[in-house]
Amino acid sequence: MTEKIIAQFKLDYGTFKLDVDLQLPSSGITVLFGHSGSGKTTLLRCIAGLQHAQHGFLSINGKLWQDSNQQLFLPTHKRSLGYVFQDANLFAHLTVRGNLCYGLKRIGQTATTKKFNQVIELLGIEHLLERMPECLSGGERQRVAIARALVLNPDILLMDEPLASLDFKRKQEILPFLTRLHNELNIPLLYVTHSQQEVAQLADYLVLLADGKVQAAGLLADTLSRLYLPHAQDRQAASVWHVTVMEHEPAYHLTRVAFAGGDLSVPVIDAPLGTALRIQIYARDVSITLEVAKTTSILNVLPATITDIVDDETGQSLIRLRVGNQPLLAHITRKSAQKLALQTGMMVYVQIKGTSILN
Amino acid sequence: MLSAADIDTLWLTFKVASLATIILLLLGTPLAWWLVRSPFRWKSICNALVALPIVLPPSVLGFYLLILMSPTGVVGRLTTAVGLGTLPFTFTGLVVASVLYSMPFVVQPLQTAFTAIGNTPLEAAATLRASPLNTFFTVVLPLSRSGFLTAAILGFTHTVGEFGVVLMVGGNIPNRTRVVSVQIYNHVEAMEYSQAHGLAGVLLGFSFLVLLLLYSTLKTNPVSPLK
Chain A
-7 MTEKIIAQFK LDYGTFKLDV DLQLPSSGIT VLFGHSGSGK TTLLRCIAGL QHAQHGFLSI
53 NGKLWQDSNQ QLFLPTHKRS LGYVFQDANL FAHLTVRGNL CYGLKRIGQT ATTKKFNQVI
113 ELLGIEHLLE RMPECLSGGE RQRVAIARAL VLNPDILLMD EPLASLDFKR KQEILPFLTR
173 LHNELNIPLL YVTHSQQEVA QLADYLVLLA DGKVQAAGLL ADTLSRLYLP HAQDRQAASV
233 WHVTVMEHEP AYHLTRVAFA GGDLSVPVID APLGTALRIQ IYARDVSITL EVAKTTSILN
293 VLPATITDIV DDETGQSLIR LRVGNQPLLA HITRKSAQKL ALQTGMMVYV QIKGTSILN
Chain B
35 MLSAADIDTL WLTFKVASLA TIILLLLGTP LAWWLVRSPF RWKSICNALV ALPIVLPPSV
95 LGFYLLILMS PTGVVGRLTT AVGLGTLPFT FTGLVVASVL YSMPFVVQPL QTAFTAIGNT
155 PLEAAATLRA SPLNTFFTVV LPLSRSGFLT AAILGFTHTV GEFGVVLMVG GNIPNRTRVV
215 SVQIYNHVEA MEYSQAHGLA GVLLGFSFLV LLLLYSTLKT NPVSPLK
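Chains as they are written, first to last, in our numbering: chain A, -7 to 351; chain B, 35 to 261.
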């Protein structure tokens, strides 16, 4: 019961209202996703105590941080958290080492702990320790900021669009570190972003926010397929599946991977058998047939059930399906949808033209 | 070239300005912080009061101070009650007047420096377990070093250069309230131009050197008192 995050906030700024009531998993990466003005950053700041919601209840794995019914509001500096700001926000008057040690000194520790060395190594910033923040690149700064939050060994890690101010190259520099964090961290990480790519790559649990309200919350695969339904025209619409490496077929440069409900052939993956991976399947790469075509060139043909059909104004239809237990999105023209007389509940076959490996 | 009396006035001026600057930094820092951070609605009244000495003729400020500190004035009755006697025409009175007169030259650079720091380093410190007071000493003070240097130098030099307020509140008493600017005035009144030259030259050189130090220390332009 206590091993979860309960966050309830009501906040009214006149033009903007935040009203959320969430229960989030006690570990793994929870992504708060929404467009600007959706309230995702405000929600994160309320959790950090940087903003004081008039009505709020916040409990982190059994530790009570806010309960407005009891007039309880723990100030930020008394909360065991790590916070990574969008623009790193390092102290300009301290070296990288000084920045890393700032929080440690305040919890009575020094930079000699094993944790400190681990974090430095994890983020690859050993060679930067004696530099001043102004001499670092944007990506390096953000890595130092993440390390500064991590060395405190907090109960929860909060990240506010840590990649938003970086260019594509720098993003690619940081993302592997975040994926490593995902594997090595045993504390919950709340991650705010408006990038679908980051959602697909990092999220275990997804919260969709719009206009200060929660639109949907749940495990990534389920929630992600709902993300695109209101905007069927979205060319980036995609599904994310968790798979494990089953078999390599070097002769064809292919790898067979298993998912809950079947298996797929994907371009060769350089990973040992049994490795868990995420793959992304764009809705535009999925087509639908009514029977198994024996003469198709497409390798991945799987039975599926239609759960939803959404038409848009540009003659396209977004079809939501289930393959075994996995949700899948398919983007087809409305003409095809009508020719096949597709309806909710119908059993069909999906042909998957392409997949991409996320990590 | 400088007479013993001239040296005395220089020494007295130095004492007044140093003491006033120390007091101003101690009072001005929390005041400037409050003016920048407080959500208080009528803050602009306080801002206007702090800035008043910039626009008021020193004689007006001096006149009101004289009235307030006189035996029948509010401040005068208070100081008499606590056994300090009355302040006009004393060294203490001179320091008090200097503090008020130079207040904006210390408070405003500090305000500018504190505003420039913004909210984000404070929030970062809070997420790193630093209490607000601890944050002030370990983040705000080091980040506003140039603001403090500007404030101290402007406060000191402005106090050295005061004349009108000194004349009204302090008078012209050797070794107690006779500062350099008054002494120069005395020399000119007495047609002692060569001695006036000596003291005026000292002040000119001193002021130039201090400002030169300020501008060459700060890489960027120092924050001006009236922005």
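In case anyone wonders, no lab produced these hints; they're calculated from the structure.
Hints are supplied without guarantee of correctness; some may be wrong.
Which chain B residues face chain A? A few, computed with CB under 8 Å, are given here [what the hints assert, rightly or not]:
#1 155
#2 157
#3 158
#4 164
#5 165
#6 167
#7 173
#8 180
A few chain A positions that, by computed beta-carbon distances, are all more than 10 Å from chain B [said to hold, decoys possible]:
#9 -4
#10 144
#11 176
#12 238
#13 245
#14 276
#15 346
Please read these numbers as outputs of a predicted model, since none were measured by experiment.
Ideal Cβ positions, reconstructed from N, Cα and C, are used throughout, including at glycine.
Going through the hints against the structure:
1. 155: holds, 6 Å
2. 157: Nearest chain A Cβ about 5 Å off; hint holds.
3. 158: holds, 5 Å
4. 164: Because about 6 Å separates residue 164(B) from the closest Cβ in chain A, which is inside the 8 Å limit, the hint holds.
5. 165: holds, 5 Å
6. 167: Hint on residue 167(B): violated, closest Cβ of chain A at ~10 Å, above 8 Å.
7. 173: Status holds, d = 6 Å.
8. 180: Interface hint status for residue 180(B): violated (11 Å vs cutoff 8 Å).
9. -4: Correct as stated: the minimum Cβ-Cβ distance to chain B is 22 Å, above 10 Å.
10. 144: It is violated; residue 144(A) is separated from chain B by about 7 Å at its closest Cβ, not greater than 10 Å.
11. 176: holds, 21 Å
12. 238: holds, 44 Å
13. 245: Consistent with the label, residue 245(A) stays out of reach of chain B, its closest Cβ about 47 Å off (over 10 Å).
14. 276: holds, 41 Å
15. 346: Given that every Cβ of chain B is farther than 10 Å from that of residue 346(A), nearest at about 42 Å, it holds.
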